[in-house]
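K.L.:
Chains L and Z supply the protein sequences, listed in that same order.
Here the first sequence is numbered in the UniProt record's numbering, starting from 1 and rising by one per residue.
Here the second sequence is numbered in the UniProt record's numbering, starting from 1 and rising by one per residue.
Heads up, a few of these hints could be off.
[Unchecked claim] Coverage of chain L stretches by chain Z, computed from C-beta distances (three or more under 8 Å per stretch; other residues unrestricted):
1) 350-360
2) 365-377
[Unchecked claim] Which stretches of chain Z does chain L cover? Using the computed rule of at least three CB atoms under 8 Å from a CB of chain L, they are:
3) 30-39
4) 213-220
5) 229-235
[Stated by the list, open to error] Within a straight-line C-alpha distance of at most 30 Å, the following computed BS3-like cross-link-like pairs (lysine-lysine) qualify:
6) K124(L) with K443(L)
7) K108(L) with K124(L)
8) K476(L) with K173(L)
9) K476(L) with K42(Z)
10) K173(Z) with K98(Z)
11) K42(Z) with K328(L)
In case anyone wonders, no lab produced these hints; they're calculated from the structure.
Ideal placement from N, C-alpha and C gives every residue a C-beta, glycine not left out.
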Amino acid sequence: MKRLNLGALAAISICAGAAVHAAQTDITVAMQLEPPHLDPTSAAAGAIDSVLYSNVFEGLTRFDADGAVIPGLASDWEISEDGLTYTFHLQEGVTFHDGTEFEASDVKFSLDRARAEDSTNAQKALFESIDSVEVVDPLTVRVTLSQPIGALLFNLAWGDAVIVAPESIDEIKSRPIGTGAFKFVNWVQGDRIEMQRNTDYWGDAPALETATFRFISDPSAAFASVMAEDVDAFVGFPAPENLPQFEADPRFQVLVGSTEGETILAMNNKQPPFDNPLVREAVAHAIDRQAIIDGAMFGLGTPIGTHFAPHNPDYVDLIDLSNYDLEKSRQLLAEAGMADGFTTTLKLPPPSYARRGGEIIAAQLREVGIQTEITNLEWAQWLEEVFRGKNFGLSIVSHTEPMDIGIYARPDYYFQYGKPEFAAIMETLNAETDPDARSALLKDAQRLISEDHVNGYLFQLAFPTIANAKIEGLWKNQPTQATDLTGVRWTE
Amino acid sequence: MTLWYSRNLLLGGTLSLFFAALALISFVWTPFDVESLNIAAKLKPPGASYWLGTDHFGRDVFSMIMVGARTSIAVALVAVGIGMGVGVPLGLTAAARKGGWLDEVIMRGNDLIFAFPSLVIAILITAIAGPGAINAIIAIGIFNIPVFARLTRGAALSLWEREFILAARVCGKSRTRISVEHILPNVTNLLIVQGTIQFSLGILAEAGLSYVGLGAQPPTPSWGRMLAEAQTMVSFAPHLALVPGLAIVLTVLGLNLMGDGLRDALDPRIRVART
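Only chain L is shown next, with the shape it has when bound in the complex:
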């Protein structure tokens, strides 16, 4: 079957070559943030997955372009009646980029490493309910759970759950060895990462022979690099104001996709006056979401009323709970004993949604008498002061992890909500495997945080990609942070 496929492909490409000329087989893809290192299993930085997910590293399951979980290195699996035992059958003939065989022991090694006591995996919760991983034979792995969880296959599709080669661990941060369709070749820090087609790839061979990822953080430099065609595609283009120009230019295609990024006005639930639900509700009603989307994002983004992605089937539209209503906001402030308003801090990380959104929100809050002192912070400072130090009144940030409503169960999370009722819903959800019951629980969870006005819910971040018009197969949406090049090709 595989041979046939390859044969057909070769035939097609020969025909195409005869008709015009050989299609280009190299690509330069730019993005804003550079990965801090190249081990997706030991850092939260999404930039690592943006470069390596599916290209270099693969997991037992994986996300496709629409966010559906499909087989990866596991070709199929069986789940026991009680939902506690998963038996994965692995793909045959898979080798790592260093030439070693991919076997069940590598799966055991990777999962055990990720869930180990001293593991530095950023998403250890994904593996929490795994009790043991056993090698049945070289192509079969049995995963036993301590309690049934509904989301195991979803969890294993994350970039944090990819299979790594045991002998590559020492150098994985600078020389990643995976099973993917592209081999890592070179990393020029501060500039680019180069990859090359893996000729021994077990799946369908990618159309591209080489790929270069470039990192351009400055929005105006990003604009110039695309306009000058220095890069073939820019994923996550940082300046939404420039999109109309690209759309009007026949050289380019503009894809505006969805992300898992809920952009929120974070409120410090433990710091007065935001410990008072009335004040939080007043803030929520003082915010005009559409003005923020238009002013900060030039129209890109979908309004949200809770911490959940609107393209998810379980999303509940709760925007009415925090509609733009200045009268109501003033009244709530008066009820809270703050008719004259108050002064608080608004600490903003670098992305333009935060910096511009912050200025707009500051102006909107002034309307109801809330004065804000804006401080612009670099990411490192923001993580230190706001995320870890919890020293803030208000902040704006986009939470880009998929299905991350569980963070509201953590009382020590930076906005410090952690209501026991909410934690209870999450606990029931984790143990629930029935899809309908899960859906109902997720809706309850969304409703609870929206009614409590834990944060101001602004909009779902859009994901603009600008690419050469002759490229096809790029992901439009970002169901997880990834730039999957396996299906990308030049059309002429």
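Once you've looked at the hints, dock chain Z against the given chain L.
P.N.:
Then chain Z, alone, in the frame of chain L:
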């Protein structure tokens, strides 16, 4: 009378006065409120209702330039004040104690500050103390100190050799009194000229710090930040970059011309040479 013979002074003075007037008027009147946003009217080109157009939040650019002039001038003025207030006494003291340990300490301290590129110091200070107009003032003020200290010391040293100072010493006046009563009045002209130049550098420094986000914080308008924000919009709204850019250029040019003109007019040697 000689003042008006200088074309530099006339042109520079007019430009500087124009921006100073804008800043002053902004206290009582601006065409639009610079802190309230009007997203519906964003990115309007210059026209009848918005003279210099609007920015991406629908704020009136002309109003922002007026208030931004206030920010720039206030920061530069106070910074020069700090530089003079600290630098001049230090320079006078050093000159009065020429060759003594106090002179050494003061001048080597100055060398230390001078050794760092001024903007790097400013960025260092604001990075430690946090961004904001006050910290920008302190940062720019600190690197103004050695400029004034050196200038004052150099000028004062040559004065100390003059007969009228000798006369004052013979009369039994203390070094401090001589410095204040005889030396200072004779270096004032130099200080005014240098002050004008430092003032223009202060405006540039403020714009630079704001451009990298370390100056006055939003919503306070500032020319440097206006430039930074305009960067990605240059291709479709060039007025957003041109207007604050020109405001900075013209103010700095005006102050420099004025400084040159003042020097021509006030420097006794040049005046002698001309007559």
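K.L.:
For each hint, tell me whether it holds in the structure or not.
P.N.:
Comparing the hints with the structure gives:
no., hint, verdict
1, 350-360, "holds (count 4)"
2, 365-377, "holds (count 5)"
3, 30-39, "holds (count 4)"
4, 213-220, "holds (count 4)"
5, 229-235, "holds (count 5)"
6, K124(L) with K443(L), "25 Å, holds"
7, K108(L) with K124(L), "16 Å, holds"
8, K476(L) with K173(L), "28 Å, holds"
9, K476(L) with K42(Z), "29 Å, holds"
10, K173(Z) with K98(Z), "17 Å, holds"
11, K42(Z) with K328(L), "28 Å, holds"
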